[in-house]
Amino acid sequence: MSKIGLVRTAAIVLPVGALELLCRFGTISPITIIPPSEMVRSLYFILLAGQYQADITATLSNVLVSIVAAMLAGLIVATLLESLPAIRRIFDPLFATYYSVPIYAFYPLMIVLFGLGDLPQIAIGFLLAVMAVIINTLNGLDRVPQVLIKVSRVHRLSYLKIALQVRLPSAAPYIFTGFKLAVAYSFVGIIGAEFITSSRGIGYQISYAYNNFDNRLMYPLILLVLVVVTTVNMSLYVWEQHLLARRRT
Amino acid sequence: MKGRDTLLLVIILVTGWQLLYWAVGEVALRSPFDTARLLVEMLKTPRFLPHVSESLMAFAEAYAIAVAIGLAIGVSLGASRFAREVFEPVLVALYSIPKVTLYPIILLLFGIGFPAKVAFGAVHGIVPIALFAMNAISNIRPIYLKTSRVMKLSHAATFRSILIRAALPEVVTGLRVGFSLTLIGTLLGEMFGAQRGIGYLLMQAMSLHNMNNMMALTLLVILFAASANAGLLFVERKTNKHL
Chain A
1 MSKIGLVRTA AIVLPVGALE LLCRFGTISP ITIIPPSEMV RSLYFILLAG
51 QYQADITATL SNVLVSIVAA MLAGLIVATL LESLPAIRRI FDPLFATYYS
101 VPIYAFYPLM IVLFGLGDLP QIAIGFLLAV MAVIINTLNG LDRVPQVLIK
151 VSRVHRLSYL KIALQVRLPS AAPYIFTGFK LAVAYSFVGI IGAEFITSSR
201 GIGYQISYAY NNFDNRLMYP LILLVLVVVT TVNMSLYVWE QHLLARRRT
Chain B
1 MKGRDTLLLV IILVTGWQLL YWAVGEVALR SPFDTARLLV EMLKTPRFLP
51 HVSESLMAFA EAYAIAVAIG LAIGVSLGAS RFAREVFEPV LVALYSIPKV
101 TLYPIILLLF GIGFPAKVAF GAVHGIVPIA LFAMNAISNI RPIYLKTSRV
151 MKLSHAATFR SILIRAALPE VVTGLRVGFS LTLIGTLLGE MFGAQRGIGY
201 LLMQAMSLHN MNNMMALTLL VILFAASANA GLLFVERKTN KHL
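Chain order of the listed sequences is A and B. The first sequence begins at 1 in this note's numbering and counts up by one. The second sequence begins at 1 in this note's numbering and counts up by one.
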């Protein structure tokens, strides 16, 4: 491992080790935090028992739906806006302000609009994710070399073909950034919404365990969320580096 | 020209809202006009104001902490290439985890009440502020630093007249993003573990299905967030132009 990786690992392992020791020697009581090793062990048994399988599946499938919807809607909206500059200019302030508005404030409305099923959570994840896709796609479409557009005009490609074969592929690196953010935001939105009110999902189970002071359940589930989200994000990061390296050659 | 576009946008949004209201009806929404009226009424009730000031206080404190810690982390990581390479992925990973899941831990550490929401708000703001400040410092063109060396500027003078000025626009962007996220964090904190504040009222309205309060509070939060953001955007454009 490189020196950087070594220091990075140490910077993560040492605090966790210190926490473990503090918990084991009773400086931090198990009512506040249970030892990290205990979290891992409990998580293993929870996963083995499979009693939260339905919640895990629910959360992950909702996240997936939200990502797909946000990508599709974001790409279509961005492509349309790019070709309608007058309308885009009107909506520009909205893009700049969008993320300053706490989307969770709309959650009550979503529940009223969509009922108590999975839809309100998906809607929150979607609303958080879609703007990242739109902003980054527009950013990428702005940087498509004019010569590519000219060539496709010379070849008399239709609007749809120019969009699908020239503009979107050329903006791909920026779209990928949008995709990465959409994944992160979907997780944030959906798990957050599950926390506020819902009847299933990992977020719901964490808040349920918290309300019952069930630390042996709460911490492993928190750990599960952190591990899943970090793994997904890191793999996307590695994939992006791989794609960028290929693109350069 | 710009003012006209913004006005047009507001008209479009309000019209969309009105149309949605006509479509779904009184059960799920209030009309824009009614909501504005309800908000004004709410602001007039004496019992409501303590909640606003509680939220504002918590938010101000959280933001001050987020700015202080975020800038400290960002500047120290930006100054050293090695530290940056070690910690950047860690920061990025922290940025993308759903912080709501950490809220029970914060509640256990700080107890239910004011400190917990401040801490939760600050947790949301620190990472973006640190990330933007780090990039700002490390993206300073080396020629500026060389110039300062050639001119034999002292450390203090380099910091004052080069580092701050060159890094400022991006730092301000970080402060703007951090502002929004700290606000979201503080409100979320109030939604789960508090007996006072806007977030608490929102949660209460939600569980009682009090549509009037829900709409008025949502509008209040949006107006506050949007106007603060517009102000910070203005500062950001100014610092950019200044350069």
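If you are wondering where the hints come from, they were derived from the structure by calculation, not from laboratory data. Heads up, the beta-carbon is just placed ideally off N, CA and C, and yes, glycines get one too. Heads up, a few of these hints could be off.
[To be verified] Below, a list of computed lysine to any residue pairs in the SDA-like style, where the Cα atoms sit at most 20 Å apart:
#	chain 1	residue 1	chain 2	residue 2
1	A	K3	B	A83
2	A	K180	B	S161
3	A	K3	B	R165
4	B	K238	A	P85
5	B	K238	B	A226
6	A	K3	B	P89
7	A	K180	B	K241
8	A	K3	B	L91
9	A	K180	B	V90
10	A	K161	A	T97
11	A	K3	B	E85
12	A	K3	B	R160
13	A	K180	B	L94
14	A	K180	A	F95
15	A	K180	A	L168
16	B	K241	A	A96
17	A	K3	B	K146
18	A	K180	B	V92
19	A	K180	B	Y95
20	A	K180	A	T230
21	B	K238	A	P93
22	A	K150	A	P85
23	A	K3	B	R81
24	A	K3	B	V86
25	B	K238	B	R165
26	B	K238	A	A96
27	A	K3	B	V90
28	A	K180	A	L141
29	B	K238	A	L75
30	A	K180	B	P89
31	A	K180	B	A93
32	B	K146	B	R160
33	B	K238	B	K146
34	A	K3	B	E88
35	B	K241	A	R24
36	A	K180	B	E88
[What the hints assert, rightly or not] Chain A regions said to be covered by chain B (calculated; three or more residues, Cβ under 8 Å):
#	segment
37	71-83
38	222-233
A quick look at each hint next to the structure:
{"no.": "1", "hint": "K3/A / A83/B", "in the structure": "11 Å, holds"}
{"no.": "2", "hint": "K180/A / S161/B", "in the structure": "37 Å, violated"}
{"no.": "3", "hint": "K3/A / R165/B", "in the structure": "33 Å, violated"}
{"no.": "4", "hint": "K238/B / P85/A", "in the structure": "25 Å, violated"}
{"no.": "5", "hint": "K238/B / A226/B", "in the structure": "18 Å, holds"}
{"no.": "6", "hint": "K3/A / P89/B", "in the structure": "15 Å, holds"}
{"no.": "7", "hint": "K180/A / K241/B", "in the structure": "31 Å, violated"}
{"no.": "8", "hint": "K3/A / L91/B", "in the structure": "18 Å, holds"}
{"no.": "9", "hint": "K180/A / V90/B", "in the structure": "16 Å, holds"}
{"no.": "10", "hint": "K161/A / T97/A", "in the structure": "33 Å, violated"}
{"no.": "11", "hint": "K3/A / E85/B", "in the structure": "10 Å, holds"}
{"no.": "12", "hint": "K3/A / R160/B", "in the structure": "33 Å, violated"}
{"no.": "13", "hint": "K180/A / L94/B", "in the structure": "14 Å, holds"}
{"no.": "14", "hint": "K180/A / F95/A", "in the structure": "18 Å, holds"}
{"no.": "15", "hint": "K180/A / L168/A", "in the structure": "16 Å, holds"}
{"no.": "16", "hint": "K241/B / A96/A", "in the structure": "18 Å, holds"}
{"no.": "17", "hint": "K3/A / K146/B", "in the structure": "28 Å, violated"}
{"no.": "18", "hint": "K180/A / V92/B", "in the structure": "12 Å, holds"}
{"no.": "19", "hint": "K180/A / Y95/B", "in the structure": "12 Å, holds"}
{"no.": "20", "hint": "K180/A / T230/A", "in the structure": "12 Å, holds"}
{"no.": "21", "hint": "K238/B / P93/A", "in the structure": "16 Å, holds"}
{"no.": "22", "hint": "K150/A / P85/A", "in the structure": "18 Å, holds"}
{"no.": "23", "hint": "K3/A / R81/B", "in the structure": "13 Å, holds"}
{"no.": "24", "hint": "K3/A / V86/B", "in the structure": "9 Å, holds"}
{"no.": "25", "hint": "K238/B / R165/B", "in the structure": "13 Å, holds"}
{"no.": "26", "hint": "K238/B / A96/A", "in the structure": "16 Å, holds"}
{"no.": "27", "hint": "K3/A / V90/B", "in the structure": "16 Å, holds"}
{"no.": "28", "hint": "K180/A / L141/A", "in the structure": "17 Å, holds"}
{"no.": "29", "hint": "K238/B / L75/A", "in the structure": "32 Å, violated"}
{"no.": "30", "hint": "K180/A / P89/B", "in the structure": "14 Å, holds"}
{"no.": "31", "hint": "K180/A / A93/B", "in the structure": "12 Å, holds"}
{"no.": "32", "hint": "K146/B / R160/B", "in the structure": "15 Å, holds"}
{"no.": "33", "hint": "K238/B / K146/B", "in the structure": "27 Å, violated"}
{"no.": "34", "hint": "K3/A / E88/B", "in the structure": "15 Å, holds"}
{"no.": "35", "hint": "K241/B / R24/A", "in the structure": "56 Å, violated"}
{"no.": "36", "hint": "K180/A / E88/B", "in the structure": "16 Å, holds"}
{"no.": "37", "hint": "71-83", "in the structure": "violated (count 0)"}
{"no.": "38", "hint": "222-233", "in the structure": "holds (count 6)"}
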